[in-house]
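Using the hints, position chains Y and H against chain E.
Going line by line, the protein sequences match chains E, Y and H.
By the numbering used here, the letter at position 243 of the first sequence is numbered 243, and the numbering carries on one by one without gaps.
By the numbering used here, the letter at position 166 of the second sequence is numbered 740, and the numbering carries on one by one without gaps.
By the numbering used here, the letter at position 486 of the third sequence is numbered 1226, and the numbering carries on one by one without gaps.
Honestly, the hints are just simulated from the structure, not real lab data.
The model shown is predicted, which means the values in this text are computed figures rather than measured ones.
Non-contacting residues of chain Y with respect to chain E, defined by C-beta distances greater than 12 Å in every case (computed):
{"id": "1", "residue": "GLU596"}
{"id": "2", "residue": "ASN715"}
{"id": "3", "residue": "GLY729"}
With a Cα cut of at most 25 Å, we get these calculated SDA-like pairs of lysine to any residue:
{"id": "4", "chain 1": "H", "residue 1": "LYS1269", "chain 2": "E", "residue 2": "ARG59"}
{"id": "5", "chain 1": "E", "residue 1": "LYS572", "chain 2": "Y", "residue 2": "GLY630"}
{"id": "6", "chain 1": "Y", "residue 1": "LYS721", "chain 2": "H", "residue 2": "GLU844"}
{"id": "7", "chain 1": "E", "residue 1": "LYS87", "chain 2": "H", "residue 2": "GLN1278"}
{"id": "8", "chain 1": "H", "residue 1": "LYS1269", "chain 2": "E", "residue 2": "ARG76"}
{"id": "9", "chain 1": "Y", "residue 1": "LYS673", "chain 2": "H", "residue 2": "LYS1163"}
{"id": "10", "chain 1": "H", "residue 1": "LYS1089", "chain 2": "E", "residue 2": "ALA157"}
{"id": "11", "chain 1": "H", "residue 1": "LYS1260", "chain 2": "E", "residue 2": "GLN113"}
{"id": "12", "chain 1": "H", "residue 1": "LYS1321", "chain 2": "H", "residue 2": "LYS1354"}
{"id": "13", "chain 1": "H", "residue 1": "LYS1084", "chain 2": "Y", "residue 2": "HIS607"}
{"id": "14", "chain 1": "Y", "residue 1": "LYS733", "chain 2": "H", "residue 2": "GLU844"}
{"id": "15", "chain 1": "E", "residue 1": "LYS98", "chain 2": "H", "residue 2": "LYS1247"}
{"id": "16", "chain 1": "Y", "residue 1": "LYS728", "chain 2": "H", "residue 2": "ASN1331"}
{"id": "17", "chain 1": "E", "residue 1": "LYS481", "chain 2": "Y", "residue 2": "THR626"}
{"id": "18", "chain 1": "H", "residue 1": "LYS1310", "chain 2": "Y", "residue 2": "CYS686"}
{"id": "19", "chain 1": "E", "residue 1": "LYS161", "chain 2": "H", "residue 2": "GLY1088"}
{"id": "20", "chain 1": "Y", "residue 1": "LYS673", "chain 2": "H", "residue 2": "VAL1368"}
Ideal Cβ positions, reconstructed from N, Cα and C, are used throughout, including at glycine.
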Amino acid sequence: MAKDVTLKINNISVTVPEGTTILQAARKAHIEIPTLCYLKDVSCVGSCRMCVVEATGARGLVAACVYPVAEGMEVRTNTEKCRESRKMTLELLLSKHKKKCLSCERNHNCELQKLSLGYGVDEDRFKGEDFVLPIDTSAPYVVRDNDKCINCMRCVAACRKQSVNAIGPIGRGFNVHIGSAFDMPLYESVCVGCGQCIVACPVGALSERSTIDEVWKAFADPTKKVVFFTAPSIRATLGEAFDMPIGTNVEGKMVAAIRRLGNCEVFNMDVTADLTIMEEASELINRIKTGKPMPMFTSCCPAWIKFVEQKYPEMIPHLSSCKSPQQMFGALLKTYWCEKHHIRPEDLFTVSVIPCTAKKYECHRPEMEGEVNAAITTRELARMIKTAGIKFTELPDEEFDNPFATATGGGAIFGATGGVMEAALRTAAHMLDGNFEVLDFFAVRGSNPIKEATYLVAGHTLRVAVASGLENAAVLLEQIKSGEKHYDFVEIMACPGGCVNGGGQPTLSDSVRNSTELKEARAKALYMSDTKNELRRSSGSPVIDMLYEDYFIFPNSHKSHEVLHTSYKEDKRI
Amino acid sequence: MKECEAACGTAEQAEKLKAVIEESRSTPGCLMHILQEAQGIYGYLPLPVQKTIAEGLGISLAEVYGVVTFYSQFSLKPKGKYRVSVCLGTACYVKGSDKILAEVEKELGIKCGECTEDGLFSIDSCRCVGACGLAPVLMINEDVHGKLTPEMVKGILDKYREEAKA
Amino acid sequence: MTIQELEAIRKKKKALIDVRRVVREQGEKLAKQTGYRKQVLVCGGTGCTSSHSMKVIAQLEESLKELGINDVLLVKTGCFGLCALGPIMIVYPEGAFYAQMTPEHAKAVAEKHLVKGGKIVKELLYQGTVASDGSIIPFAETPFYKKQMRIALRNCGVIAPEDIEEAIAAGDYEALEKVLTSMTPDDVINEISASGLRGRGGAGFPTGRKWSFAKASAGDIKYVCCNADEGDPGAFMDRSVLEGDPHCVLEAMTIAGYAIGAHQGYIYVRAEYPVAVERLKIAIAQAREYGLLGKNILGSSFDFDIEIRLGAGAFVCGEETALMTSIEGHRGEPRPRPPFPAVKGLFGKPTILNNVETWANINPIITRGAAWFAGIGTQTSTGTKVFALGGKITNVGLVEVPMGTTLREIVEEIGGGIPNGKKFKAAQTGGPSGGCIPAECIDTPIDYDSLIAIGSMMGSGGMIILDEDTCMVDISKFYLEFTADESCGKCTPCRIGTKRLLQLLTKITEGKGEPEDLVKIEELASHMKQSSLCALGQSAPNPILSTLRYFRQEYVDHIEKKHCDAGVCKALLTYSIDPAKCRGCTLCARNCPTHAITGKVREVHVIDKDICIKCGVCMANCKFGAVVRQ
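In isolation and in its complexed conformation, chain E is listed as follows (with noise of 0.2 Å):
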């Protein structure tokens, strides 16, 4: 145990551990500094210098972010020397940013902004260059902006903390910029579309390939039937785009809301859950039952299948060939609905709301290529209801529409690390066994970046793993990799804590993030969601029970292995 110290900020007195940064003393003074540079979970490096504050036994300002306290240490936060410098900082900063704020996505949420107007800086003394450096809008998850860019690295430490480091730091001094290898374009880098590095960016440098535009286009269009459908952690996220509190369910003013943006049908993405977890249950079970490759890895997340297939190709017979349930959504419709309706495909117009860029590079794919017309984030659905004038907060709870609208709590939970393997247990462990009634496995929640269990289901011992974030899934990957561990299922998500944590989620102010569990808190909202549910079993859903009735037969049919499953190619990339 590390033992306490304490020290005086502004005078009032803080005990803290030892170790303790000045800034983490701060918020225990309920002070709060400012900064640019440092995310909690993500970066810490004290390299914007807007902490500064003074602090005795120390020469000049010290960055509050990195600077450990010590017995009997002084600390003065809001003196006119720090004012001053900060201002300056931002000074700086300023004279080389591309101030479009008029027209940025981060207009009103940018930390840039929101320090400027505290410190009063308006004026650009220090005159800057023009501004010359090219847009990379490669990709078509993510554009970086790099004159907008002020250099905190947080985009960099969050791609790092992916291990993935497709972006780094390039050159030195003045012109240092932040690129792929070469300046490449991103999207021929080892980038896996995952966006942690959109929500770190606190300026407008970095954002989400926006397809808003073509959204509304569709809703113009007369020959165009539109179709949204929302993926499980969108309600748990986007009330935060209308300052609704975090962890707020907003199902029924959500469905309400893109009601009011056109005419429109609104599913519930839940379904494709439930769906994906009919097939990705049988199929491990047929897995264990022939022999094949184990253990099995869930695909669900567009952004890890990417990082196999460049990273760990040699794991590619280890991927479950379930499509993502957005994908499995897209392919329903053009298929199934559209059947059903007698709607051409092509004048269906599918429009998923994900939480994450890597999906819109998922619709992209080839081999799934016009399944999902428009993928957008939650970020630009609440654009979207803000440009349509929409009182969010104001609106009624409306449902979703059928018969696409009833899906389990097992659906709800694949928003959460951990939750579509208690989902796949769940059904799994009853595919097995009929009397198997236990639907709540303890073992493979919470935000723990590794969870592993052991359950014994009729006589199959059933060992599984469940990780989030990159940097987990390889340490994990090198694991069995090595035969140092071995699984029979494992389910990975790209984004630490899953997809209430995704790059395509509502960026908060740093004050707020670095001050909350975020992950935590939109988990919550998911799991109460489940147990709320009368139905938490997917193989236990009305519409589930339907569409193979209607269409699919049973899992793993050749009608579902057509509709339902896709295929992974090695694509080597350093």
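Relative to the frame of chain E, chains Y and H by itself:
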């Protein structure tokens, strides 16, 4: 990226690079050393070379490239047969080395950091070769030429032009 | 190797080395014991090899062979210090100091001096060693050497650095022997602390205290590092030590390893120093062969080894945390401190880092005692300091003087004053991190604290002398160009601040300065000093702040009068021809690269100011002083 992957260098060079990577990959912090050796083998550090190194060390290309672009001695472009390096250290600067550099640029018709089309000369500047007693100085490969005046530049370069012809 | 064996080597070669250190008469006696009638020492340091001292050595070898001389020992040494006069060659036991040698001169010396019964070739000697009556002055008594005190450089120019036995005979490894046989780690640290030794790399942190922190840090893996990334452009002290006496660094690092409990050392050296790197490699190989590195050093149970790591051209890697990041194979970006390296340094382990010159002082402190060392220099800055004297000074070279020596002594006596009858304007110390000492402070005793008090800093020891032809705004701009170029780009104040400062200075030198620019410069400079992450950014504004302090009027003149007094800032100059002096010789017109000058023969010439590019060729060529620069 694909087109750059076209064969780069000889099989012998590739062999040498492989040996360097093999030999030092277990030494902590070996990347710099390998890059230095690789530059010695190839004269510069093109994409395929950096890729080989990244693969050999199991690190990302972006990381290798970040290191390469941080240090001024690593070059992404081939250098001339004669590498002219004009010292812009303080002792040389106060004795007019900026004029020497300007004269070299004028004489060769290229800018600092570039290489002549015939591949004969490239120009770089450096910070102090430690021959301050001879300031201002320039180096051509390993030879130091000191106590220079702009008028002397042409004569010196001509000597190397002759040598190249011979 | 055992201690007995070490002592045997020392004994065997002692006389050989002593000949090079004692005065002439004794030397002649001693020489008889060595088996060599004469010893010829030729500088093989970078300064002299740049002026082709290797050709001199080759010629000497050939001449000696031709002349059938086999009782003359030829030794390739490190730097003698007086680089301006290189290549330098000294013949013992006479101590004849030959300067600016060429192969022809070498041949002449061999034929006339090195032969039996030969005589010193006076006309080839450094003329400072020839008195007006024709007698020869020992070089140690010339103004350049007289006021110097060589502790760190004690063996430079004395021994053959590639021969470990000469190094041992000259006293290297004597301190290590003492430490391993009779001192505890605490004794070592106490001795270093008592000596008052402060880091010679720049900031002047007490070395003993640094070591004691590292010793107190828990952990079985610790590291000792040597900073040989001498990045200050115009400083070459460390290079000279490595080239002249590499073993003194290896020995000192081993001692530090023993003191703090480390078994591995790293020397981070600039790749621009090929000679130093080569000598270090040889020295490490020899030290391993002789059992002075490796397992059970000198029969003790202490193990220590050293590896060389090459820099790749980044000034910031002279900063301790950046240097460690670089050794770890990453971009050489500094890390925030604390944690200090003594707690968490290289590879996350407790580490001490000292620069070459600091290491060079360890052996004398251990062998001669802390009290002796503390008696040299001033109260708070003990010992000596090596300076690389350069710029507008007659005796460009390497000098080592006791702390507290005044700038005047260095410039006027040791340095031999300013050439071409120009006036001393300022001395720049500390390179891009330091500042200027103006003429009015020339009597300042030089030590860590007095330099800081007048707005400069010791730095690693570069000392560039500036004369009246130097523009102080331009020199600030030069340094800012350097720091802007070398900023790693990690922290905001340095990354953007250096660039903006440079832009403001450029604006001023181009005649576009506005009065508020000085305000902006001062605000920005103080911001960078306060808030930058590492010493590079914190000290980058120093050259500006110190020139603003002493030469503010020059800035004001540039801004308000658009005038550069030193005539350096081209945009502010105009060239014209004084009709009263012009004789119409046409020389200027013929030499003008842009044909800006017109005029007929024997008629007054005129410069077209629109075409003139202000290169100054006309002025240089005019024999009548008719070209005027304003």
